[in-house]
Amino acid sequence: MLKFLIRRLVQAAATVLCVLTIAFFLGRASGKPGALLLTDGATAEQIDQLNETLGFNRPLLAQYVDFALGVFRGDFGSSYRNPSIPAIELVAERLPATVSLALTSFVIGVVLALAAALSIHVFRSRKLRALFIWGGSLRQSVPDFFFGVLAVLVFSVVLGALPSLGFTGPASYVLPVMTIATGQFVLYVRLLDSALTEQSSQDYVRTAYARGKSHGAVVATEMLPNALLPVMTMAGLNLAGLLGGAVIVEQVFAWPGVGEVLINAVSQRDFAIVQAGLLVVALMFVVVNIVVDVLYSVLDPRVRLS
Amino acid sequence: MSQLASSRRPAVRRTARTRRRIGRLPLLPFIGAVLLAVMAVFIVVVPMLPGFDPLTQNLSMARLAPFTDAAHPLGTDSIGRDLLSRLAEGGRITMSITLAVVAINVVLGIILGLCAGFFGGWIDNVIGLVSDANLAMPVVLLLIAISSVTGPSATLMIVVLGCTFWMGYARVARAIAISLRGRDFVVAPQILGAGAAWTIRKHILPHVLPQMLILAVTDIGVVMLVQAGLDFLGLGVQPPSPTWGGMILEGQKMLRLSPWQAIIPGTAIFMLVVGTQFVSQLLTAESSTPLRKARRANV
Numbered sequence: 060m061l062k063f064l065i066r067r068l069v070q071a072a073a074t075v076l077c078v079l080t081i082a083f084f085l086g087r088a089s090g091k092p093g094a095l096l097l098t099d100g101a102t103a104e105q106i107d108q109l110n111e112t113l114g115f116n117r118p119l120l121a122q123y124v125d126f127a128l129g130v131f132r133g134d135f136g137s138s139y140r141n142p143s144i145p146a147i148e149l150v151a152e153r154l155p156a157t158v159s160l161a162l163t164s165f166v167i168g169v170v171l172a173l174a175a176a177l178s179i180h181v182f183r184s185r186k187l188r189a190l191f192i193w194g195g196s197l198r199q200s201v202p203d204f205f206f207g208v209l210a211v212l213v214f215s216v217v218l219g220a221l222p223s224l225g226f227t228g229p230a231s232y233v234l235p236v237m238t239i240a241t242g243q244f245v246l247y248v249r250l251l252d253s254a255l256t257e258q259s260s261q262d263y264v265r266t267a268y269a270r271g272k273s274h275g276a277v278v279a280t281e282m283l284p285n286a287l288l289p290v291m292t293m294a295g296l297n298l299a300g301l302l303g304g305a306v307i308v309e310q311v312f313a314w315p316g317v318g319e320v321l322i323n324a325v326s327q328r329d330f331a332i333v334q335a336g337l338l339v340v341a342l343m344f345v346v347v348n349i350v351v352d353v354l355y356s357v358l359d360p361r362v363r364l365s
Numbered sequence: 406m407s408q409l410a411s412s413r414r415p416a417v418r419r420t421a422r423t424r425r426r427i428g429r430l431p432l433l434p435f436i437g438a439v440l441l442a443v444m445a446v447f448i449v450v451v452p453m454l455p456g457f458d459p460l461t462q463n464l465s466m467a468r469l470a471p472f473t474d475a476a477h478p479l480g481t482d483s484i485g486r487d488l489l490s491r492l493a494e495g496g497r498i499t500m501s502i503t504l505a506v507v508a509i510n511v512v513l514g515i516i517l518g519l520c521a522g523f524f525g526g527w528i529d530n531v532i533g534l535v536s537d538a539n540l541a542m543p544v545v546l547l548l549i550a551i552s553s554v555t556g557p558s559a560t561l562m563i564v565v566l567g568c569t570f571w572m573g574y575a576r577v578a579r580a581i582a583i584s585l586r587g588r589d590f591v592v593a594p595q596i597l598g599a600g601a602a603w604t605i606r607k608h609i610l611p612h613v614l615p616q617m618l619i620l621a622v623t624d625i626g627v628v629m630l631v632q633a634g635l636d637f638l639g640l641g642v643q644p645p646s647p648t649w650g651g652m653i654l655e656g657q658k659m660l661r662l663s664p665w666q667a668i669i670p671g672t673a674i675f676m677l678v679v680g681t682q683f684v685s686q687l688l689t690a691e692s693s694t695p696l697r698k699a700r701r702a703n704v
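Which chain is which? The protein sequence lines are F and A, in order. Position in the first sequence counted from 1, then plus 59, gives you my numbering. Position in the second sequence counted from 1, then plus 405, gives you my numbering.
Calculated from the structure, these hints are not laboratory results. Do not take every clue at face value.
If we take Cβ atoms under 8 Å as the criterion, some of the chain A residues that face chain F in the derived model are [what the hints assert, rightly or not]:
| id | residue |
| --- | --- |
| 1 | L432 |
| 2 | I436 |
| 3 | A550 |
| 4 | V554 |
| 5 | A633 |
| 6 | G634 |
| 7 | Q657 |
| 8 | M659 |
| 9 | R661 |
| 10 | A667 |
| 11 | G671 |
| 12 | I674 |
A short list of chain F residues far from chain A (calculated; beta carbon distances all over 10 Å) [what the hints assert, rightly or not]:
| id | residue |
| --- | --- |
| 13 | V211 |
| 14 | S326 |
| 15 | L337 |
Idealized CB from N, CA, C, for every residue including glycine.
Construct the entire structure; sequences and hints are all you get.
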């Protein structure tokens, strides 16, 4: 187990280092940002002066080593626009909002899908399957941001029942969570449904029936634990993607998350902030995947032993 | 005993379901094809109409509701631009970008997949590695990162999207190339002195193309969703050129006063994505037969 964990940690470190290197060279590939940051009237000396203070005039390799060492100390450099504020601080203060939104939506989406897939198999109903999969697929054909706009229109503008923008209290979670969770729903229903179907023809299921277990008990206690394993890997990848990819939904609801900071950084050409954001997302991606792998190996010894 | 019987039931039901699904097939793909045809005709015909003008602003005619004014059948937006014209022009831009992106990915995927499958070895490994790295990179973040350096533009979005959806094509092309590379009709020309490129083009590519087209139809919907999302974030086509995603962004700000501004382009995206999904369902079901026949004929 320890060996397995160490191997995964080394892999994770390599991934983060990779993203770090790409992020660094992407930022420098465009040349020195001094000219972009100053107004059009700036003289060549002023531009050079700014490049000098931001450290862009030093050899590339020295800059890279400094940057990498800084990252390991938790120092991602300062925002280009506001040199007094560390870039990582701007990202970190928005992180809780993004993580809580992603986690809530993820959990609700998975629980809904679990309920749907279980009801399909407990009632052995073709109609239920058609309903959930077709309904979910149609929902998936609506882009998330348009679904969000429609939800705001119905629940905030017409009914006036829920807040539409920003974060004003727990009720603010309802619309964005609904948008993300329903968008992910059909993905998990499909996975769980095919995993349960696969399990239903296994020998151990027949044995369970022969022992006199009821159909509901067989589905819930015998088939479900085995069907969950393959779904878990996919769900882990998805959660990690959600943490980085909920930018669009955050934008629809003016959610005070990392997405807003990143989009503002694009319009201000503040690459330092984007760099910090990218690395934080990569770190979360890696952590989620390690947690999934460890869980998996705890639940299924075959993974650990191979 | 009854429980034993019940445990066997799923197998029987599955065949019944398959038969039903095949029997039901023609309707949905038909609806899908009609949807796509209507959209295509719409995008082509509307620009020929006399009142076509997606850009001129007219504040005295702002926020006309749909179906109230004969000159503006779908109404106008918050600065008085004709929504019918903007929907058609936005559709033309959105569709051409989507088709260009899909085409780039198909070509890239076929070339990389065939090389990986045909040559194997380290070429296969390198292409596999690039593909994995690509899968792990969320496209929105990648585009944010590059845009924060260069500024957002349509070209940049096309290039980035053009490099992010090729992995599916490559995987299928690689699998087919591997299954064929040991066959006599592939090996014989090489013994006679044919080059690898010629052999691939002449003897492997024809087996790959039909599959690629099926994947491409399915991908049109996916790419359109992603692209509309990027336009919505302002990372794609820049105003004043209309796009469906951009129109929803403008409409979102006016949701209280003129909700149709967002609803009209949103419905267009939905119809197009559903249309491609329905059509691709038919293609997926039909694809195996001619492919299988072709393979058998070549043995």
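> Regarding the hint that G671/A lies at the interface with chain F, is the smallest CB-CB distance below 8 Å?
Replying inline: holds (4 Å)
> Since S326/F was said not to touch the interface, does its Cβ keep a gap of more than 10 Å from each Cβ of chain A?
Replying inline: violated (8 Å)
>> Checking hints one by one. Is G634/A an interface residue toward chain F, by the C-beta closer than 8 Å rule?
In response: holds (5 Å)
>> Just want to verify: V211/F was marked as not at the interface with chain A; is every Cβ pair farther apart than 10 Å?
In response: violated (6 Å)
> Holds or violated: is there a CB of chain F closer than 8 Å to the CB of M659/A?
Replying inline: violated (11 Å)
> Taking 8 Å as the limit, does the beta-carbon of A667/A come near enough to a beta-carbon in chain F?
Replying inline: holds (5 Å)
> Does A550/A pass the interface hint, meaning its C-beta sits closer than 8 Å to a C-beta of chain F?
Replying inline: holds (5 Å)
>> Take the shortest C-beta to C-beta distance between Q657/A and chain F; is it under 8 Å?
In response: holds (5 Å)
> When the nearest CB of chain F is found for I674/A, is that gap smaller than 8 Å?
Replying inline: For I674/A, the interface hint holds, since the closest Cβ of chain F sits about 6 Å away, which is under 8 Å.
> Measuring from the C-beta of R661/A to each C-beta in chain F, is the shortest one below 8 Å?
Replying inline: holds (6 Å)
>> Is the interface hint satisfied for I436/A? The criterion is a beta-carbon contact with chain F at less than 8 Å.
In response: For I436/A, the interface hint is violated, since the closest Cβ of chain F sits about 13 Å away, which is over 8 Å.
> Can the hint on V554/A be confirmed by a CB-to-CB distance to chain F that is less than 8 Å?
Replying inline: Given a least distance of 4 Å, the restraint on V554/A holds.
Going through the hint list in order, the structure does not satisfy hints 1, 2, 8, 13, 14, 15.
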